[in-house]
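Trainee: Numbering-wise, my numbering puts 50 at position 47 of the sequence shown, and it's gapless, one number per residue.
Quick caveat, the hints were computed from the structure, so don't treat them as lab data.
For each label pair, taking beta carbons as the anchor points, the in silico distance ranges come out as:
id: 1; residue 1: Leu43; residue 2: Asn72; range: 16 to 22 Å
id: 2; residue 1: Leu38; residue 2: Lys13; range: 21 to 27 Å
id: 3; residue 1: Gly32; residue 2: Arg73; range: 42 to 48 Å
id: 4; residue 1: Glu67; residue 2: Arg28; range: 33 to 39 Å
id: 5; residue 1: Leu38; residue 2: His17; range: 15 to 21 Å
id: 6; residue 1: Leu23; residue 2: Leu69; range: 18 to 24 Å
id: 7; residue 1: Leu69; residue 2: Asn37; range: 21 to 27 Å
id: 8; residue 1: Gly32; residue 2: Asn61; range: 41 to 47 Å
id: 9; residue 1: Leu43; residue 2: Arg8; range: 29 to 35 Å
id: 10; residue 1: Asp88; residue 2: Gly32; range: 41 to 47 Å
We put the CB at the ideal spot given by N, CA and C, even for glycine.
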Amino acid sequence: MAPLRSSDIKPLGHSVQESLDDFFRTLNGHAPRNLYDLFLDQVEPPLLRATLRYCHGNQSRAAEMLGLNRATLRKKLKQHKISADSLKP
4 MAPLRSSDIK PLGHSVQESL DDFFRTLNGH APRNLYDLFL DQVEPPLLRA
54 TLRYCHGNQS RAAEMLGLNR ATLRKKLKQH KISADSLKP
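Construct the complete structure from the given sequences, taking the supplied hints into account.
Mentor: Shown next, in the form of structure tokens:
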């Protein structure tokens, strides 16, 4: 398998835009409520999980990568019912 080049990687924003376009298409003209909160509730947990997996469950390293302090990361993990221990290799 050939190594990935940076030109092979689709920008994250492109994937988000496609998902949002699909979401709005399914609304059939109806206006969503609390879209910002809905978006954060859908995007934040996978971001936290993926970052913790990448950091092998190390919360300090994950918090640094996310630009959060460790207490804020721990609060968000609790809010989304994510166990950092379950994400360790």
